[in-house]
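Protein chains: 2
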Amino acid sequence: MIHASEPTALTRPGAIVPDISLASRLFDELRRRTGGPGGITRTSYGLGEQIAHDMVRREALRLGMRAETDAACNLYLTLEGETGGPAIMIGSHLDSVPSGGNFDGAAGVLAGLAVAAGFVAAGRRPPVDLTVMAVRAEESTWFGASYIGSRAAFGTLTSDELDGVLRAGDRISLGAAIDAAGGDTARIRTGQPYLDPARIGLFLEPHIEQGPVLVAEGLPIGLVTGIRGSFRHRHAACHGTYAHSGATPKSVRQDAVLATSRLVVEMDAAWQALQDAGRDLAVTFGQSATVPGEAAFSKVAGRTDFALDVRSEDSETLDVMRAELRRIAGRIEQQEGVRFEFGPETGSTPAKMNPAVIAEMAVLTERLDVPARAISCGAGHDAAVFARQGVPTAMVFIRNRNGSHNPDEAMEIADFAKAAEVIAALCETWGSADTAAAA
Amino acid sequence: MIHASEPTALTRPGAIVPDISLASRLFDELRRRTGGPGGITRTSYGLGEQIAHDMVRREALRLGMRAETDAACNLYLTLEGETGGPAIMIGSHLDSVPSGGNFDGAAGVLAGLAVAAGFVAAGRRPPVDLTVMAVRAEESTWFGASYIGSRAAFGTLTSDELDGVLRAGDRISLGAAIDAAGGDTARIRTGQPYLDPARIGLFLEPHIEQGPVLVAEGLPIGLVTGIRGSFRHRHAACHGTYAHSGATPKSVRQDAVLATSRLVVEMDAAWQALQDAGRDLAVTFGQSATVPGEAAFSKVAGRTDFALDVRSEDSETLDVMRAELRRIAGRIEQQEGVRFEFGPETGSTPAKMNPAVIAEMAVLTERLDVPARAISCGAGHDAAVFARQGVPTAMVFIRNRNGSHNPDEAMEIADFAKAAEVIAALCETWGSADTAAAA
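First to last, the sequence lines map onto chains A and B. So in our numbering, spot 73 of the first sequence is number 125, and the numbers just go up one at a time. So in our numbering, spot 352 of the second sequence is number 404, and the numbers just go up one at a time.
Quick caveat, the hints were computed from the structure, so don't treat them as lab data. Watch out, some of these pointers could steer you wrong.
Said to hold, decoys possible - Between beta-carbon pairs, the in silico distance windows are:
1. A:Arg251 to B:Val304: 33 to 43 angstroms
2. B:Gly389 to A:Arg251: 40 to 50 angstroms
3. A:Asp222 to B:Thr398: 24 to 34 angstroms
4. A:Glu397 to B:Gly88: 13 to 23 angstroms
5. A:Glu393 to B:Gly216: 40 to 50 angstroms
6. A:Glu397 to B:Thr398: 34 to 44 angstroms
7. A:Arg391 to B:Asp236: 37 to 47 angstroms
8. A:Arg223 to B:Gly216: 31 to 41 angstroms
9. A:Gly389 to B:Arg425: 14 to 24 angstroms
10. A:Arg223 to B:Glu393: 20 to 30 angstroms
11. B:Gly196 to A:Arg453: 30 to 40 angstroms
12. A:Gly389 to B:Val304: 28 to 38 angstroms
13. A:Gln244 to B:Glu393: 51 to 61 angstroms
Glycine residues also receive a C-beta, built at the ideal position from the N, C-alpha and C atoms.
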């Protein structure tokens with residue numbers, strides 16, 4: 053389908069130049085067609101997501117790419133490669149949270165499309181098949197389930213989820229929503245995978261950064277080292293004893309606020325120490341509260357309820373912090389005469405990004421003079437599903453102001469272009485001596 | 053009225069023996085007549101308080117004491133002294149909180165009556181007039197105003213209070229309640245004092261301990277060194293910035309929970325340091341909470357609301373802690389990028405108990421082999437009003453389990469007897485060489 057011809061526009065002789073104007077046009081169209089005064093809404097398996105899928109399919113077909121969908125309506129847009137080796141996949145999701153931003157998810161798909169368009173414009177094939185994947189239903193705010201599209205692609209979405217989880221708002225079941233979008237839940241229920249991890253040489257997910265690091269450091273892109281796993285205690289409590297604030301001496305107090313404060317401060321110190329030792333970690337007490345109706349300004353607090361969220365790229369670091377939590381809490385229990393009750397632990401397993409791919413991208417950023425840094429990814433992404441399937445996986449973060457999941461997401465197209473340039477170079481040289489170690 | 057006769061019962065030759073069986077009988081009668089299954093209720097200027105006043109008046113008259121009331125219905129029961137020097141007053145209040153205990157307040161009045169009965173039984177007069185005072189309306193839960201009876205006695209209860217404060221429950225104004233009890237609010241409004249501080253040589257308030265110190269240390273009584281004053285920030289807040297718990301690095305967080313926790317821990321350290329240096333102090337963060345609906349387990353907290361209560365016997369120590377609070381908070385604001393807003397400061401002035409009286413009572417406890425310790429009083433009491441009027445003032449705490457303001461108050465009559473014994477000895481020797489320094 054793709055025939056060799058002369059390159060039309062190049063910054064370096066022979067280099068693939070991603071089609072940023074295509075991406076820019078599609079970002080504008082997405083904003084126009086799926087946005088409103090309150091922000092962007094592209095409901096999972098709903099109208100906005102479908103508009104986005106139809107748009108990128110239309111553009112891919114114009115570029116001469118092959119379009120396929122699986123039983124969960126994930127969309128695969130493939131530019132045929134020079135050889136039949138394991139494919140390069142570039143992708144992300146096209147749904148958004150309600151009243152969200154235009155870039156979370158879409159940037160990854162459009163980056164893939166811009167790179168594919170670069171190959172087409174250069175009249176060249178990628179070394180292997182280049183598949184741009186538009187993943188369905190990544191934003192768990194809609195169905196309260198994680199990674200619906202990518203798990204379905206690997207055959208791990210369950211019948212229980214298809215029948216049991218309902219979409220926020222219209223309360224339509226996930227299975228009904230997939231079938232309404234043109235999917236095939238009967239096939240999903242068989243658990244038969246659509247994707248074969250062995251046939252994927254690389255899954256690359258470009259994504260806007262959801263934190264403030266790249267803005268703070270003045271860097272257009274970040275090379276993600278891993279997607280953090282976590283352990284969480286959403287319903288922890290500290291039990292002390294209510295007592296008169298004026299009549300109860302320090303030595304006999306069992307002060308839940310003081311004990312919880314010590315825990316917060318000492319867990320923070322443990323975080324600092326591990327971070328100083330080069331470990332990836334984030335420790336957050338996002339909620340902490342005395343009990344309304346029981347606590348009073350003139351009473352030593354007898355109880356606090358709090359939530360703890362510990363994240364790391366590294367399972368061992370999570371284990372270290374889990375042990376630290378017990379040790380610190382145990383000591384505070386002794387000192388303060390309180391009792392901690394952490395409640396059930398939930399969490400997720402970290403997903404390491406492929407070190408060889410990261411190393412190769414680091415070389416490319418230097419060669420292309422694109423300032424970049426290694427960065428940890430704290431939020432969940434479909435890339436984690438691919439990594440856990442054993443697919444060599446990488447993520448590129450693109451600088452973005454104001455966080456994500458809100459209408460104020462602000463990615464600049466110049467930064468997007470730099471990310472696409474690095475990705476194009478990676479694709480172009482994929483499988484050569486430079487990247488042999490990566491696959 | 054009082055004639056010398058032979059002592060009837062003495063543990064030491066010549067010693068005044070308080071009439072504990074009288075007090076014990078009155079405690080029982082109080083419990084029977086003002087208690088119910090839910091606890092004791094002696095409403096300020098209500099039925100229960102009136103029953104209690106009538107009971108002690110009846111007993112005092114039986115003992116040959118003189119009974120008087122002032123315009124606020126405070127009751128003064130006087131045993132005439134050998135000389136006309138400034139009187140000894142022993143007293144406390146007879147009201148209780150709703151569903152409270154039998155001892156808070158009443159123990160002080162009955163201790164005074166037991167000592168007076170001891171003089172009567174011994175056929176002796178006290179060195180100066182001994183006046184047992186039953187103060188009205190001390191429990192601010194009823195009218196939301198502090199020290200109503202004792203302030204009225206000194207002419208400092210205001211017309212605004214008489215008209216403006218309403219009793220919890222029946223919404224009767226304080227003035228109407230006083231008049232209904234037989235008082236004279238027209239006279240109270242003149243601001244003319246009933247009591248002359250210069251005519252009071254000692255105000256002594258025996259009271260159950262409301263904290264756990266004496267129980268913990270196995271001591272029947274405590275000699276109060278001062279009634280703590282306070283400064284309070286009931287509506288303080290810490291303003292940080294909400295952020296993604298997984299995507300926001302430590303260095304850029306503005307974490308309100310961490311900042312508030314640091315404040316709690318560092319204020320506690322400042323307390324410990326001042327306490328180690330011999331200062332009286334209590335620092336309590338009784339309430340602290342992230343904002344429901346804003347905070348989430350997966351978000352760095354952008355705000356906490358908290359309350360701070362700092363108490364000390366010593367105004368200078370309060371000033372030191374006020375400065376510490378600003379210094380510590382200022383440093384944390386710098387470190388954590390947050391902003392503290394402490395809101396309005398309320399509070400009260402400390403009232404020192406008379407050191408010479410405390411010293412004399414310490415000598416007496418040793419002589420009588422009554423184990424005792426110096427102790428700080430964290431709650432407000434009428435004694436503070438007398439101290440601020442310049443009256444030499446003291447308080448004796450009596451060991452009590454389970455705190456106060458609840459039906460489980462548990463003072464043992466043996467401990468009450470030890471307190472009464474010390475007080476009797478103090479009265480007996482009042483004005484002698486031993487106690488000359490006290491007045």
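Hint check:
The hinted range of 33 to 43 angstroms is satisfied by arginine 251 (chain A) and valine 304 (chain B), whose Cβ atoms lie roughly 41 angstroms apart. Range check, glycine 389 (chain B) to arginine 251 (chain A): Cβ separation about 48 angstroms, and the 40 to 50 angstroms hint holds. For the hinted restraint 24 to 34 angstroms between aspartate 222 (chain A) and threonine 398 (chain B), the CB-CB distance of approximately 51 angstroms leaves it violated. Checked against the hint of 13 to 23 angstroms, the pair glutamate 397 (chain A) and glycine 88 (chain B) fails, with Cβ atoms roughly 48 angstroms apart.
Taking 40 to 50 angstroms as the suggested C-beta distance range, the pair glutamate 393 (chain A) and glycine 216 (chain B) conforms, at roughly 46 angstroms. At roughly 42 angstroms, the beta carbons of glutamate 397 (chain A) and threonine 398 (chain B) sit within the given window of 34 to 44 angstroms. Taking the beta carbon of each, arginine 391 (chain A) and aspartate 236 (chain B) are about 55 angstroms apart, not inside 37 to 47 angstroms as hinted. About 54 angstroms separates the C-beta atoms of arginine 223 (chain A) and glycine 216 (chain B), a value inconsistent with the hinted range of 31 to 41 angstroms.
Checked against the hint of 14 to 24 angstroms, the C-beta distance between glycine 389 (chain A) and arginine 425 (chain B) comes to roughly 22 angstroms, which is consistent with it. In this structure the supplied range 20 to 30 angstroms is violated for arginine 223 (chain A) paired with glutamate 393 (chain B), their Cβ-Cβ distance being about 42 angstroms. One distance hint, 30 to 40 angstroms for the beta-carbon pair glycine 196 (chain B) and arginine 453 (chain A), is violated here, with the actual separation near 51 angstroms. Distance hint check: the CB atoms of glycine 389 (chain A) and valine 304 (chain B) are about 36 angstroms apart, consistent with the given range 28 to 38 angstroms.
Look at glutamine 244 (chain A) against glutamate 393 (chain B): about 59 angstroms separates their beta carbons, and that is inside 51 to 61 angstroms.
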